[in-house]
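If you read the sequences in order, they're chains S and G. The end of the first sequence is residue 388 by our numbering, with every number in the run present. The end of the second sequence is residue 1215 by our numbering, with every number in the run present.
Since the hints were made in silico from the structure, they are not lab data. Built from N, CA and C at the ideal position, the CB exists for glycine as well. Honestly, I wouldn't trust all of these hints.
In silico DSSO-like cross-links for lysine-lysine, where the CA-CA straight-line distance does not exceed 30 Å [unchecked claim]:
| no. | chain 1 | residue 1 | chain 2 | residue 2 |
| --- | --- | --- | --- | --- |
| 1 | S | K200 | S | K147 |
| 2 | S | K43 | G | K1040 |
| 3 | G | K1088 | G | K1169 |
| 4 | G | K1102 | S | K43 |
Computed footprint of chain S on chain G, listed as stretches where at least three residues anywhere in the stretch have a Cβ under 8 Å from a Cβ of chain S [said to hold, decoys possible]:
| no. | segment |
| --- | --- |
| 5 | 1012-1022 |
| 6 | 1043-1054 |
| 7 | 1113-1122 |
| 8 | 1142-1150 |
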Amino acid sequence: MSSASSSASASRDLQRFFKFFTQKAVQVIVQSRQGQLFRTPSKPSAAGQDWFYLFIDDDVDLSVSTKEALRRSPMKAGRAAFCVEISANSSEEDVSCVLEQWSITITEKPSPRFTAMTSDNVYLKLGLLLRSLIAVSRTLPAYHLSKSRQEDLSMSYRIFSNGIPKKEQLGSGKPYVCRLVVGSVATPLGCCSIQVNYAKELTFTPSIKTASIPIHLEEKREDVDGKCEKASPSSAQASSVESNGDVLLPFCATQKKLPRHPSIESQTLCEDVPFAALLKQAKEPKANREEIEEETIVPPSTSTRFKSAVEPSIASEFELLDLEEISTPFASGTERAVLDFYRKMQATAALPFCQHKTPEVVSKEDLIAELARMKKETESVKDFIESL
Amino acid sequence: MNARSYPFEFTVEASQIPDVTLSVFHTVLFHRTSGKIHFKREGSYSVGTVGYEDVPCDRLRFTYVRCSCSALDNDVRRHADEFADSMKTTTDGKISLQFYEKKKSHWPFGEASTTWEVWTTRIRVVQPMSDVERERMRDRVERDLADMVATVATAVNRVDYVPKVPNEKELANVFDVHYREVNPYLHAISFQLGDEPPHSGVAGTLRKMIREIAY
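Let the sequences and hints guide you as you build the complete structure.
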């Protein structure tokens, strides 16, 4: 009875491992095609999301999509693979090309000698396989293509469970297709392995169109050129109904950290973004602002040069302070400076709650007497502080 | 027990030696490094999390992955730079990364080191005669590095011997414990130029110990 319960518990553990392993593997594959360098810190102790003793920073939207796909079709031995398809899309020719087909499979034939493997061993082995996936994903042609940052090229991914990747979809024309088995882990429930079919020839031909892109997501992707927009889960689900369990998401829709190509930003930002005219104005005097910042450290005698550098196109409600007008009355220590400061402050508009009071006109003699009184009090305050 | 041995060969320009060496050794160490091991009461232990970092090569269009541990990276770089400097006097050399564990041995030897895995990188230096040849060589090196990563992945995912986590007292006999963030398996790096004997490493250390004890 105890051995049956322990084997049932071990079986449940293994199912959980497969589920989280698949989620992490999808994160690794998709993130490696986002065209950027990743760095995650090592931690002295594992936290909630740190499965397999490896820190993989999860993309939230991708995580949601993967969990949804796994919920519909959990990873089990003997089922068809869980697949991630990476495609490149040319905006100029409006075509796409499948570059890679990653598949995570669990075969149904557990070898007898692996039935004695403990959950801990399987956990360690799956962690090792994930590390291999991280390393191998950086060596394939699609990785270099994603880093090339070509203006008319974007990459997208498709995740689907219960599917069979079709090699003939790879590339275009007559692709040179390679198959690589990243690694496999034998467990009592089956052999878990990751493999990839990838195209070495990365060229586009106008005749090839990928039929699996749902129309509404494609439209959203066009809007995404200038800005990053999140694909709503509802649209993803709708597409999954239409395309037989597929979830197609463009990189830009889920990528939060994708760095923008400078030329794309300059072309589209001012056209699509609201109040773009203000940004344009803000951009023009930027060089001047840099000049201004440099000139603020010059001595006051040359501040006339600073005045001439002020750009008249800056909004009038924000006035740059003239250095000459900034004075430090209390620092200079003279009574005249303090008096001038007080008179200037008297001329400012009264606050609304004080408007019922008319400001009192103070004579010069009263001010001098007030200052003398404050000086006397200063000494007593000093004595009090020293006594503390 | 015989150590598993994995040799690689690269034909490179002299300036590419550090990139190739670091790519191979960091790829291997990424698979042979555990999170930081902390022992608790009653012999149980917890394992920390290993972070990773993409590192683009300086002279090659290749990106390798290493553990996020700057101290480990510095140690490996030091060996790679030393090897690259030594290779200025020759066109043929090899550098090895050996994983070993310490075990108690019989008197008069205190501890014996047993190597369980060796990764050797043989480097041949060639000076290309033209830009076309240089580009062709670089493509070849980059393809070889990609094959190397696939080979490492295949090798480490096989069911082979890897030392288990021992008890707290013997942890330093299996893992290198002086890094703050991670615990790689005990390892040593040595290199050899042409027919010369290997520089540093486990074998040299063992010879020293025997000489000290015997004389």
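These are the hints, each one checked on the structure:
Taken as a hint, the K200 of chain S and K147 of chain S pair is honoured in the structure, with Cα atoms around 16 Å apart against an allowance of 30 Å. Proposed proximity of K43 of chain S and K1040 of chain G is supported: the alpha carbons are some 17 Å apart, at most 30 Å. The hinted pair formed by K1088 of chain G and K1169 of chain G fails the criterion: a straight-line CA distance of about 43 Å is larger than 30 Å. Restraint check for K1102 of chain G and K43 of chain S: satisfied, since their Cα atoms lie roughly 27 Å apart, inside the 30 Å limit.
Only when three residues or more bring their CB closer than 8 Å to a CB of chain S does the claim for the segment 1012-1022 of chain G stand; here the count is 0, and the claim is violated. With 9 residues bearing a CB less than 8 Å from a CB of chain S, the segment 1043-1054 of chain G meets the requirement of three and the coverage assertion stands. For a cut-off of 8 Å, the count of residues in the segment 1113-1122 of chain G with a CB near a CB of chain S stands at 0, and the three-residue condition is violated. Given as covered by chain S, the segment 1142-1150 of chain G passes the check, having 4 residues with a CB less than 8 Å from a CB of that chain where 3 are the minimum.
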